[in-house]
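Q: Sequence:
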Amino acid sequence: MRVVVDTCVWSLALRRDRPADCREVRELGSLIRDARVQMLGPIRQEVLSGIRSRPQFDNLRGHLEAFPDLHLETEDYVTAAGFCNLCRAKGVQGSNTDFLICAATVRHRLAIYTTDADFARFAGHLPIVLHRPGTTGNPVA
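The numbering of the sequence shown is the working numbering, which starts it at 1 and goes up by one.
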């Protein structure tokens, strides 16, 4: 199963001083080697936002260019709004970008790899699949 890697995981791998043996970074490397990573434009934007130096921005942009963006449709935005409304009615808050990630992954049958605990809360109400490190094709729903 292909996997959308959330901003927080990319940040661990590319923006912070993190040891190469960090579990999340090792898992991202494994997903990249297995050609399972799928990028979304809003995640690319979040990863690149806030970079202060132009050389660092250009370097990071270059790393991410290896991953073409999945095309988002109007349906994804409408579904994201519905997911937001559903979760809000259940007392679960989230960002518009997070719900857009959920909508796109549901439509394309992709898993989400994240360290953001909000997605575990969303999974209680939405038909999303969360990638767990070490899984090869049947992540936890």
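One or more of the hints may lead you astray.
Said to hold, decoys possible - Here are the in silico distance ranges between beta carbons for each label pair:
hint, residue 1, residue 2, range
1, G91, R54, 24 to 34 Å
2, T74, R26, 35 to 45 Å
3, D34, N85, 28 to 38 Å
Derived from the structure by calculation, the hints contain no laboratory data. Just so it is clear, CB atoms sit at the ideal spot from N, CA and C, and this is done for glycine as well.
Q: May I ask which of the numbered hints given earlier this structure violates, with the numbers listed in increasing order?
A: 1
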